[in-house]
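Q: Chain by chain, the residues run as shown.
Protein chains: 2
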Amino acid sequence: MDLTAPTAALAAAAADLVRLVPGKLVDPVLSGVLLTATAAGVELGASDRERTARVSCPALVHTDGQVLVPAKPLAETLRALTEPEVRLVVEGNRLAIRAEGARFALPLLDHTLHPGVTSVSGSGGVVSGASLATALSTVASTAARDEALPVFTGVRLRSEDDRLVLRATDRYRMAIASLPWAADGEVDVMVPATLLVEVAKQVSGVGQVRLVAAANQFAASWGQTAVTTAVLDGTYLSETKLALSDVDTRVVVDADALAAATRRVALYSDARGVVKLEVGDSEVRLRATDQNAGEAEESVKTTVSGGRTSPAYQSRYLLDALRPFAGQRVELAIQPGMRATVLTAVDPGEVELRYILMPMLPPKA
Amino acid sequence: MDLTAPTAALAAAAADLVRLVPGKLVDPVLSGVLLTATAAGVELGASDRERTARVSCPALVHTDGQVLVPAKPLAETLRALTEPEVRLVVEGNRLAIRAEGARFALPLLDHTLHPGVTSVSGSGGVVSGASLATALSTVASTAARDEALPVFTGVRLRSEDDRLVLRATDRYRMAIASLPWAADGEVDVMVPATLLVEVAKQVSGVGQVRLVAAANQFAASWGQTAVTTAVLDGTYLSETKLALSDVDTRVVVDADALAAATRRVALYSDARGVVKLEVGDSEVRLRATDQNAGEAEESVKTTVSGGRTSPAYQSRYLLDALRPFAGQRVELAIQPGMRATVLTAVDPGEVELRYILMPMLPPKA
Numbered sequence: 008m009d010l011t012a013p014t015a016a017l018a019a020a021a022a023d024l025v026r027l028v029p030g031k032l033v034d035p036v037l038s039g040v041l042l043t044a045t046a047a048g049v050e051l052g053a054s055d056r057e058r059t060a061r062v063s064c065p066a067l068v069h070t071d072g073q074v075l076v077p078a079k080p081l082a083e084t085l086r087a088l089t090e091p092e093v094r095l096v097v098e099g100n101r102l103a104i105r106a107e108g109a110r111f112a113l114p115l116l117d118h119t120l121h122p123g124v125t126s127v128s129g130s131g132g133v134v135s136g137a138s139l140a141t142a143l144s145t146v147a148s149t150a151a152r153d154e155a156l157p158v159f160t161g162v163r164l165r166s167e168d169d170r171l172v173l174r175a176t177d178r179y180r181m182a183i184a185s186l187p188w189a190a191d192g193e194v195d196v197m198v199p200a201t202l203l204v205e206v207a208k209q210v211s212g213v214g215q216v217r218l219v220a221a222a223n224q225f226a227a228s229w230g231q232t233a234v235t236t237a238v239l240d241g242t243y244l245s246e247t248k249l250a251l252s253d254v255d256t257r258v259v260v261d262a263d264a265l266a267a268a269t270r271r272v273a274l275y276s277d278a279r280g281v282v283k284l285e286v287g288d289s290e291v292r293l294r295a296t297d298q299n300a301g302e303a304e305e306s307v308k309t310t311v312s313g314g315r316t317s318p319a320y321q322s323r324y325l326l327d328a329l330r331p332f333a334g335q336r337v338e339l340a341i342q343p344g345m346r347a348t349v350l351t352a353v354d355p356g357e358v359e360l361r362y363i364l365m366p367m368l369p370p371k372a
Numbered sequence: 008m009d010l011t012a013p014t015a016a017l018a019a020a021a022a023d024l025v026r027l028v029p030g031k032l033v034d035p036v037l038s039g040v041l042l043t044a045t046a047a048g049v050e051l052g053a054s055d056r057e058r059t060a061r062v063s064c065p066a067l068v069h070t071d072g073q074v075l076v077p078a079k080p081l082a083e084t085l086r087a088l089t090e091p092e093v094r095l096v097v098e099g100n101r102l103a104i105r106a107e108g109a110r111f112a113l114p115l116l117d118h119t120l121h122p123g124v125t126s127v128s129g130s131g132g133v134v135s136g137a138s139l140a141t142a143l144s145t146v147a148s149t150a151a152r153d154e155a156l157p158v159f160t161g162v163r164l165r166s167e168d169d170r171l172v173l174r175a176t177d178r179y180r181m182a183i184a185s186l187p188w189a190a191d192g193e194v195d196v197m198v199p200a201t202l203l204v205e206v207a208k209q210v211s212g213v214g215q216v217r218l219v220a221a222a223n224q225f226a227a228s229w230g231q232t233a234v235t236t237a238v239l240d241g242t243y244l245s246e247t248k249l250a251l252s253d254v255d256t257r258v259v260v261d262a263d264a265l266a267a268a269t270r271r272v273a274l275y276s277d278a279r280g281v282v283k284l285e286v287g288d289s290e291v292r293l294r295a296t297d298q299n300a301g302e303a304e305e306s307v308k309t310t311v312s313g314g315r316t317s318p319a320y321q322s323r324y325l326l327d328a329l330r331p332f333a334g335q336r337v338e339l340a341i342q343p344g345m346r347a348t349v350l351t352a353v354d355p356g357e358v359e360l361r362y363i364l365m366p367m368l369p370p371k372a
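So the sequence lines, in the order shown, correspond to chains A and B.
Each residue of the first sequence is one higher than the last, beginning at 8 in the numbering used here.
Each residue of the second sequence is one higher than the last, beginning at 8 in the numbering used here.
Do not rely on the hints blindly, as some may be mistaken.
If several chains are the same, the list does not tell them apart, and a pair holds so long as it fits within one copy or across any two.
In silico SDA-like cross-links for lysine to any residue, where the CA-CA straight-line distance does not exceed 20 angstroms [said to hold, decoys possible]:
hint	residue 1	residue 2
1	K31	N299
2	K79	V124
3	K208	S128
4	K308	R110
5	K79	V311
Just so you know, these hints were derived from the structure itself, not from any lab.
Just chain A, same shape as in the assembly:
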């Protein structure tokens, strides 16, 4: 293999690949990047057996070939280079990365041991990259990170007519986003949130992202990048569990003003981090109190309709719930007792988001 490529493009391709498939420490082959040089350019592929990714990059290929080298050292070397062009050439049992005055040589791994990079054929559809990134930035971060409960580490993607609905929960809160969906088939899969967090970062500037589901597999592709993953078992996450029939209090408030006040008042909250939202006639009064820290209260102007049910929340979760509505007015639909509050934007955009937050017992006076 012998090729010359634009350094920035090749570095970006390698970095994207490593972030999509971080690799497994147990097996160097599964932490490798499979470089395939053909007349069309160079393709970078990776697989950890559960997840695969490939990214194409333009290159002037002098000699075709395929090699496997450690992925992270390749990405780090390319990222550190400032020369506009870089040459990758096999020299003995090394892949040499050559730039003006410099040579970096990575050991070749046995590419015949690599599981290869598969593609998924199934039914799916197309979404806008910006909308998918917006939806995932909230939904994927709401999933649990605790691997002990794998079922809560996923995002359920489900097509419902001309909308794609994304749902995730860690049991304390749930985020549900829907966005326009140009379908050529149906999808209903549970996809690991860690992968979708990375996909969200990479697609925010992309026009179209194609999503495909097949038996036990999910694939996303955009631009020069394609990623596949095994799916989680997750038919549990259905809408029916959400009983919102008892909403008796609706509060409309500037999300940033409520978040800023929450951050201040939460400095005085108890060990559980609880703040109380006292609903008044045209304001909510946030309160926190702690035996050692002292106490705090702050009023925020709101529009209130219905009753005066006054819930308490864990401040960290309330801030997470308000973040996706930054810069907007948000409605809190509040139910009495220990039942969920639902946050929605007053003027939703293309991506419609519902954030469901469980209340806490109020702090002791």
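For this one, chain A is given, so just place chain B on it according to the hints.
A: Structure of chain B alone, referenced to chain A:
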């Protein structure tokens, strides 16, 4: 006590104070801020018995008084406020922090238990804040962080005629900076580096900083701020230990170019992180090799005089040594064998810096 103060100025004063005296967890009194309101304004004081600080802030004082409250919660509350003015008023056993629509109440601690904020009288002199910040940013970060060897956690400040000389070492490298000193007396003290790291951040925009040494005490003051500390026992750190008589190779190089190449080549270094500097006629060639990582080499254009002694360094320490010379040409004075290399700027400014770096055994080929 009852006063109104500009929020930003009071928040900055409280933040500066907390950073200079982070307090001790064992005793809430030593993590408190002593607020003293007089017609002149409000003074914030802190002491952990070894270190004290006080910062003055303008305020409109309605009622004089002195209270002690937890320092970090006060600083965090003030920092979070966006109102231009804030009122501090004693209400029962609370200090209330009041802004439009909000009240935050901190518990009062017993201010009679506070050790008070002393001042140091002794001999000293004046330096420029910018020069002191520049010198400390390198010297203070060279001291060891390991509290098990307190003698290496200090910076020695010594007046030598019209220069103030700062020295610190962690035994693997040493930094020596000198800057202009307007003396009214002599100083020769070993000051904890952790405090000086914070002083460096706070004085960079200040015209003059006054430094004073007395028996077992050191004080620095600038603008509205004064800090004192107990000194370390450190007469050991003397110039005489540096035998630089055997310098046989001098390399002059662009510091940024050498640092960038070091960062790239170091990706291929062995477990010790060693890179070798092969000195040629008009270039140095950096080399690193590791059985697993592969190998790397890169050339950097230099001016070489004297011999061709080719040392090896721990890459991390070489990068630390080059950092203070960023944007400049640096001379490496190299000695044969396992003797130190000295880095100096080709065109030093007001602050003259010598960075002394111990070599390592070269990597195995």
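Q: Looking at the structure, which of the earlier hints fail to hold?
A: 3, 5
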